[in-house]
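Sequence order for the protein chains is A and B.
Numbering-wise (the working numbering), the first sequence opens with residue 8 and increments by one.
Numbering-wise (the working numbering), the second sequence opens with residue 8 and increments by one.
Don't take every hint at face value.
[Stated by the list, open to error] Quick partial rundown of chain B residues pointing at chain A, CB under 10 Å, derived from the structure:
#1 P23
#2 Q25
#3 D27
#4 L131
#5 E240
#6 A392
#7 E423
#8 E439
#9 C441
#10 C474
#11 M498
#12 V499
#13 E506
Think of the hints as simulated: they come from the structure by calculation, not from any bench.
From the three backbone atoms N, C-alpha and C, an ideal C-beta is built for every residue, glycine too.
Each chain, written out:
There are 2 protein chains.
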Amino acid sequence: MPGSASLGPEHPVSTPAQVDAALARAAEAAISFARQGGRVRGALLRRIAANIESGAEAIVERAGLETALPEARLRGELARTCGQLRLFAEMAEEGSWVDARIDLPDPHRAPMPKPDLRSMRRPLGPIAIFGASNFPLAFSVAGGDTASALAAGNPVVVKAHPAHPGTSALVGAAVGKAVDDAGLGAGTFAVLFDEGIELGLALVRDPRIKGVGFTGSRRAGRALMDEAAARREPVPVFAEMSSVNPVFVLAAALAARGPQIAAGLHASFTAGVGQFCTSPGIVFVESGAAGDAFVSRLAALAAATPAAPMLTPGIASAYRAGAEHLRAAGAREVAHGASGDGELGVAAVFEVDAEELLASPSLAEEVFGPSTLVARYAAAAVPLAFARTMEGNLTATLHAEESDLAAAGELIAALEGRVGRLILNGFPTGVEVCHAMVHGGPYPATSDGASTSVGTHAIERFTRLLCYQDFPDTALPKELQDANPLAILRMVDGRWVREAIATTTH
Amino acid sequence: MPGSASLGPEHPVSTPAQVDAALARAAEAAISFARQGGRVRGALLRRIAANIESGAEAIVERAGLETALPEARLRGELARTCGQLRLFAEMAEEGSWVDARIDLPDPHRAPMPKPDLRSMRRPLGPIAIFGASNFPLAFSVAGGDTASALAAGNPVVVKAHPAHPGTSALVGAAVGKAVDDAGLGAGTFAVLFDEGIELGLALVRDPRIKGVGFTGSRRAGRALMDEAAARREPVPVFAEMSSVNPVFVLAAALAARGPQIAAGLHASFTAGVGQFCTSPGIVFVESGAAGDAFVSRLAALAAATPAAPMLTPGIASAYRAGAEHLRAAGAREVAHGASGDGELGVAAVFEVDAEELLASPSLAEEVFGPSTLVARYAAAAVPLAFARTMEGNLTATLHAEESDLAAAGELIAALEGRVGRLILNGFPTGVEVCHAMVHGGPYPATSDGASTSVGTHAIERFTRLLCYQDFPDTALPKELQDANPLAILRMVDGRWVREAIATTTH
């Protein structure tokens with residue numbers, strides 16, 4: 008991407024003074040924004056979505072120039088981005104996500120009276136969000152991390168990804184205008200630009216930053232985790248980093264529908280030129296004729312795949328290095344697409360004996376790009392051993408008939424402990440934005456396996472619990488008042504209800 | 008405490024081989040225990056409580072010898088411990104805590120069919136729990152951390168606190184017998200003994216440990232946080248460490264009921280010889296006659312307080328050093344109780360100009376023991392500045408009349424950002440075990456301000472989210488099956504319901 012070497016005069020690298028000013032404004036805005044109700048936050052998110060839609064033509068054009076992603080993909084991603092903003096707006100407006108809990112008092116309890124206790128989730132304060140290279144809209148300036156952090160009431164300071172500064176500036180202006188029009192403090196949102204790592208590290212080290220959202224490489228994510236953990240006041244980092252998304256094609260499924268699985272798998276690992284976090288990088292297929300036919304089919308599809316531009320020269324170069332590493336570590340390249348120039352991503356299928364994969368963990372490292380590694384096994388104990396010892400992953404996929412499933416109990420149990428999402432007879436790419444989605448998983452898939460960066464659960468990341476003891480109704484947030492004026496679902500004395508509380512003695 | 012120098016022949020320090028064996032068994036038990044239903048986990052917790060009650064006489068006697076805590080306190084703590092176990096048993100049995108979410112499929116959606124997605128909380132795996140010195144029962148071998156980790160389906164490996172090894176062994180045997188009687192794997196629970204820090208560090212470093220629970224000093228907690236963050240696969244640490252629990256006595260409240268507040272405050276900071284995490288260590292009182300009278304009252308109460316044995320010689324010595332530090336840093340000791348020998352904790356009241364406190368942050372460090380520091384101020388801007396810049400705390404307390412509250416908006420807003428629990432017209436000691444309790448707060452109060460170590464929210468700490476995509480009903484956990492056989496509260500397509508799902512096409 009030619010523009011990546013210099014941001015150019017329109018988007019100069021933010022100066023330390025600009026960074027400091029943005030953080031000072033964010034810290035100042037934190038208390039007032041935290042006190043805004045869910046309707047105000049929801050309205051802000053809807054304004055942001057509307058402004059992005061108004062500017063869609065310019066945003067898509069600029070993103071196309073900066074990322075080489077096709078227009079249809081970018082239009083789809085813009086729609087998804089606005090959908091995410093509106094989904095979090097709904098969450099904020101409805102309000103039950105704060106997990107309000109009320110334990111009513113008992114002044115007559117012996118030996119000690121029971122106090123009135125009411126708790127809910129509250130925002131953390133200014134959050135640093137890092138734009139991702141591979142989703143210039145949906146995981147960038149106004150992406151899911153920003154939407155969930157704002158929905159929860161946190162000011163956001165975005166570090167734009169240097170691969171798409173112009174897109175980031177356009178979206179940043181759309182957000183800034185929404186903040187202005189909503190009459191919120193200027194510190195509610197800022198976008199900063201740089202070409203290296205210093206600005207991001209400075210954000211994570213700054214005591215005014217209270218949480219971090221990141222999508223990117225394992226190395227960069229780990230560096231941010233380590234910085235945040237080393238602070239005087241450590242803060243949570245929600246980093247989504249690295250995943251090989253293993254696929255297990257079980258015997259009966261292979262026999263019943265090998266060609267269809269191969270076709271679906273090919274579409275999945277080449278989707279977006281393999282630049283999705285959920286791209287399937289390792290596929291377990293049994294040895295023997297059926298498995299051979301599956302690999303041949305996959306090879307033929309890969310060989311016929313046109314090379315395509317990758318997001319940045321750095322990503323293209325890392326992809327070539329990853330493929331070279333697989334070869335050096337003993338994987339056989341069974342097919343690749345027509346070679347293009349050095350900037351293009353060429354689809355490839357590699358094959359290895361699954362026992363070699365178990366013996367050489369470096370073969371199981373993520374190769375970010377349009378390739379997959381087929382691991383051939385003779386005994387089901389081998390993929391089971393892999394599942395038990397593999398690093399954390401965003402997803403694992405099983406292709407299984409009923410008879411396969413009946414025999415796969417141990418495999419499923421092992422995978423349940425190592426991934427965020429288990430898929431049956433589907434493909435891992437295509438992450439639905441909904442309430443039940445988990446785009447998470449143990450390290451190194453994410454820094455915090457308890458969370459998800461896609462779906463409405465993501466709003467919980469940038470919050471903490473706060474309890475009020477014996478506060479009068481008038482001094483409580485609306486979410487915790489007796490009358491339940493927001494009509495949210497609350498746990499009252501252990502029961503989840505939407506009813507108001509009859510006036511108590513407190 | 009004489010026994011602390013050597014565990015003695017009954018409770019020898021666990022050998023590396025014993026530690027390794029316990030971890031191997033825990034790792035083996037993790038998958039099967041995770042698959043046990045909530046009723047099995049609930050029954051285990053109830054058996055543990057019953058066994059502790061059966062052994063109450065011996066446990067209380069031994070704990071009295073090891074901790075010097077009075078019998079009535081220990082009997083109360085034993086009852087609380089069993090209450091906690093049964094509360095988590097109820098949570099496990101009822102089952103809704105897993106936060107089950109179901110988004111139903113739509114095979115006809117264009118351009119892509121919508122998959123069937125179902126998610127819930129699942130256990131992490133073996134958890135290392137560190138017994139606390141100051142609660143030999145309620146925060147120790149079978150305390151809240153253990154109860155919540157087991158309730159969520161995690162095997163537990165406890166490192167007993169060396170200040171009460173005999174108590175830990177008795178309670179450990181009660182838990183072990185419950186595990187046996189329930190027919191669960193021996194790896195479900197283990198208790199290990201040591202006299203130093205090596206065993207604990209080894210546990211936190213071990214890749215088989217997937218999470219850590221700790222209550223203790225800031226230094227030890229931070230060391231565990233740093234070890235866990237430096238692992239190849241970092242794991243969450245839930246450490247509850249350090250808190251000065253500031254109290255703000257506002258003007259009208261001081262005028263209306265100064266003597267009662269002083270009496271309550273004295274009872275709170277001397278409760279348990281000041282060895283509670285929520286002991287109020289700093290009290291803001293205005294300058295002038297009413298404030299002087301308040302301090303005199305507090306001083307008279309402290310002077311009349313008998314010295315009392317502390318938990319260990321190390322804690323007594325750290326308390327004396329903390330008081331010495333306050334004096335050296337410029338605080339005036341306005342009163343102390345009758346001096347005892349070096350092993351006893353002597354109540355004390357210190358006083359300082361609040362502006363000096365702001366200028367010397369080391370005055371605001373926790374002194375673990377029966378003292379409090381009164382910070383005198385002339386302008387309300389001074390306590391507000393403290394609230395805005397103070398480190399994270401478990402609690403903050405306001406004493407306020409209605410007129411005070413009306414003027415305290417900024418103070419409350421600042422405190423909301425720095426504590427886990429805000430108390431009005433009460434005292435911070437006495438932590439109710441219930442659904443709405445938050446015994447948490449930003450660092451250094453805890454390592455993870457999003458969580459609580461007391462109350463039912465604590466069960467969420469040792470879990471993560473897992474999503475199943477397009478799994479048939481028979482392969483799903485009961486919590487996610489169409490029929491909702493456990494009748495739990497679930498979010499189905501965004502609505503919280505207990506109803507079953509009509510059979511779908513998946």
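Here is how each hint holds up against the structure:
Because the smallest distance between the Cβ of B:P23 and any Cβ of chain A comes to about 23 Å, over 10 Å, the interface hint for this residue is violated. Among the interface hints, the one on B:Q25 is violated; its C-beta lies about 24 Å from the nearest C-beta in chain A, farther than the 10 Å criterion. For B:D27, the interface hint is violated, since its Cβ never comes within 10 Å of a Cβ in chain A; the closest pair sits about 18 Å apart. Hint on B:L131 holds. Least Cβ distance to chain A is approximately 8 Å, under the 10 Å limit.
A cut of 10 Å between beta carbons decides the hint on B:E240: the least distance to chain A is about 5 Å, and the hint holds. With a cut of 10 Å, the hint placing B:A392 at the interface with chain A is violated, because the nearest CB-to-CB distance is about 14 Å. Nearest Cβ of chain A to the Cβ of B:E423: about 6 Å, under the 10 Å cut. The hint holds. For B:E439, the shortest C-beta to C-beta distance to chain A is roughly 6 Å, which falls under 10 Å, so the interface hint holds.
At a threshold of 10 Å, the smallest CB-CB gap from B:C441 to chain A is about 4 Å, leaving the interface hint in force. At about 4 Å, the closest approach between the beta carbon of B:C474 and any beta carbon in chain A falls short of 10 Å, and the interface hint on this residue holds. Hint status for B:M498: holds, given a least beta-carbon distance of 6 Å to chain A, under 10 Å. A distance limit of 10 Å between C-beta atoms decides the matter here; for B:V499 the minimum to chain A is near 9 Å, and the interface restraint holds.
Hint status for B:E506 relative to chain A: violated, with the closest Cβ pair at about 14 Å, above 10 Å.
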